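Peer 1: I would like the entire structure built from these sequences, with the hints used as guidance.
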Amino acid sequence: MSAETLIENSLVVHAFLAEKGWRSQICTKCGSTFFIKTSNSTNSTFCGWHKCNNGTYPFRTLSKRKSLLTIQQINTRMREYFRSVGFIPIPPLNIANAAGQTDLVIAGVQVFDNIIHNEEPIREDPFFISQPCVRMQFQPQVESQEGTSSSFVNVCTEKMGAGITQHLQTIDQWCTFLSQMGLHMNDFVLVLRTRTNDWGTGAFQSLELFFSYGGLELGDAAFVLIPQANRDPIPISDIGFGLERIAWAVNKTASYFDLLTPWTSTESRELHDACRTLSLLVLCGVQASNKGPGLQFRRFAKLLSEKYYGAELYALIQYYYNYWAQFIEPHVDCEQTLLRARLEIERFINRRLCAELKLPRPDEETTEDYLNRLVYLHGANLHELRNTVQTCKRQR
Numbered sequence: 001m002s003a004e005t006l007i008e009n010s011l012v013v014h015a016f017l018a019e020k021g022w023r024s025q026i027c028t029k030c031g032s033t034f035f036i037k038t039s040n041s042t043n044s045t046f047c048g049w050h051k052c053n054n055g056t057y058p059f060r061t062l063s064k065r066k067s068l069l070t071i072q073q074i075n076t077r078m079r080e081y082f083r084s085v086g087f088i089p090i091p092p093l094n095i096a097n098a099a100g101q102t103d104l105v106i107a108g109v110q111v112f113d114n115i116i117h118n119e120e121p122i123r124e125d126p127f128f129i130s131q132p133c134v135r136m137q138f139q140p141q142v143e144s145q146e147g148t149s150s151s152f153v154n155v156c157t158e159k160m161g162a163g164i165t166q167h168l169q170t171i172d173q174w175c176t177f178l179s180q181m182g183l184h185m186n187d188f189v190l191v192l193r194t195r196t197n198d199w200g201t202g203a204f205q206s207l208e209l210f211f212s213y214g215g216l217e218l219g220d221a222a223f224v225l226i227p228q229a230n231r232d233p234i235p236i237s238d239i240g241f242g243l244e245r246i247a248w249a250v251n252k253t254a255s256y257f258d259l260l261t262p263w264t265s266t267e268s269r270e271l272h273d274a275c276r277t278l279s280l281l282v283l284c285g286v287q288a289s290n291k292g293p294g295l296q297f298r299r300f301a302k303l304l305s306e307k308y309y310g311a312e313l314y315a316l317i318q319y320y321y322n323y324w325a326q327f328i329e330p331h332v333d334c335e336q337t338l339l340r341a342r343l344e345i346e347r348f349i350n351r352r353l354c355a356e357l358k359l360p361r362p363d364e365e366t367t368e369d370y371l372n373r374l375v376y377l378h379g380a381n382l383h384e385l386r387n388t389v390q391t392c393k394r395q396r
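Numbers 1 to 396, taken from the working numbering, label the letters of the sequence shown in order.
Careful, some of the hints might be misleading.
Unchecked claim - Below are the EDC-like pairs computed for lysine to aspartate or glutamate, each with C-alpha atoms no more than 16 angstroms apart in a straight line:
| # | residue 1 | residue 2 |
| --- | --- | --- |
| 1 | K307 | E267 |
| 2 | K307 | D125 |
| 3 | K37 | D172 |
| 4 | K393 | E312 |
| 5 | K20 | E146 |
| 6 | K307 | E270 |
| 7 | K291 | D103 |
| 8 | K252 | E306 |
| 9 | K37 | E19 |
| 10 | K358 | E384 |
| 11 | K51 | D172 |
| 12 | K252 | E146 |
| 13 | K393 | E267 |
| 14 | K393 | E335 |
| 15 | K302 | E270 |
| 16 | K393 | E368 |
| 17 | K51 | E270 |
It should be emphasised that the hints constitute simulated quantities derived from the structure, not laboratory data.
Since the model is a prediction, treat every value here as computed from it, not as a measurement.
Peer 2: Given below as structure tokens:
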């Protein structure tokens, strides 16, 4: 997108939002242009973005629903709404990315990867997709920053070949749906930004409108022109929201993880996040390795082994298997998912037992099978083994 086109499209966005009753301001903290409803009496000089709002989430003080909606109920309502306005629901991609520039699927727009990277025929029919994603850059902040997870469902509308007018019409449809869910536009701030990207076919600029609800970023609407080597750039309307964040905003529970975890669990957010993401990776057929998606599987297994062994690990992995199976067809059944996860988690435990007690090397086996072999075939001291296993559990 040229600088001139970017400016023209930005002016079109300003005019569209003004017509819909939004007024623009400049954030004194980050310098971004933001929009609030003209009916909103707030006279803030900053955009209310999480980083400009001292890290708080004031949306939790807004009026709440009388009864909670499940994440799946919200997803179903969203799918049916967008079906009614012409978006075709399509199944999600496998989390292990076979095309594009990332090892894992990180956004619904990757449904177009083969078209973008292999110059396959352009598809102009509009899609709705609920795409499970993994973004590893969020994992270090899971425990310290509320509202963060390394895996989530990216609910998206995607339209290839769209013009800026079609893009803005879809934004208006998103506003309609969010209002129907009780997220009133008076409580939103829309932040307009431009960004330079490169999806592997050359640098391009995108025009992005971020939706912030009471300090919580719910999603963004990007209009992009993707460079192509042998044909004209492809315009795409790419609008994506975090389903779990929408659910948090709709229900206004105390914590983002309240609707994600079993009711009786009191374990840490980091533990739950690791079990969620590991379960998603394994049910999509990812196997442990030292590179690509398998490396991420191995990293989560190592974290669970070193910090949370002995917690309700396998019950949680099964719980999250059932969660993800609502959104994506499993490549591996639940029993095999649990076995693969257990073998990798306990591989690290077995290696520690072997190193500390100078025992025979473990095979690809569970810790229980390894201990059986050590005791019955190698005459290992049972109490010494149990004490070392307990040490692994106590290191939490």
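Peer 1: Please go over all the hints and tell whether each is borne out by the structure.
Peer 2: Going down the list of hints, with the structure as the test:
1. K307 <-> E267: holds, 12 angstroms
2. K307 <-> D125: violated, 47 angstroms
3. K37 <-> D172: Cα-Cα ~14 angstroms, so holds.
4. K393 <-> E312: Given pair K393, E312 holds - Cα atoms ~11 angstroms apart, limit 16 angstroms.
5. K20 <-> E146: Violated - the C-alpha atoms of E146 and K20 are around 32 angstroms apart, more than 16 angstroms.
6. K307 <-> E270: holds, 10 angstroms
7. K291 <-> D103: holds, 9 angstroms
8. K252 <-> E306: Cα-Cα ~33 angstroms, so violated.
9. K37 <-> E19: Holds, at about 11 angstroms.
10. K358 <-> E384: holds, 12 angstroms
11. K51 <-> D172: Not OK: K51 and D172 at ~26 angstroms, beyond 16 angstroms, violated.
12. K252 <-> E146: Distance ~13 angstroms between K252 and E146 Cα, so the pair holds.
13. K393 <-> E267: Given that 16 angstroms is the threshold and the Cα spacing comes to 14 angstroms, the pair holds.
14. K393 <-> E335: violated, 24 angstroms
15. K302 <-> E270: With a Cα-Cα distance of about 13 angstroms, the restraint between K302 and E270 holds, given a limit of 16 angstroms.
16. K393 <-> E368: holds, 14 angstroms
17. K51 <-> E270: violated, 22 angstroms
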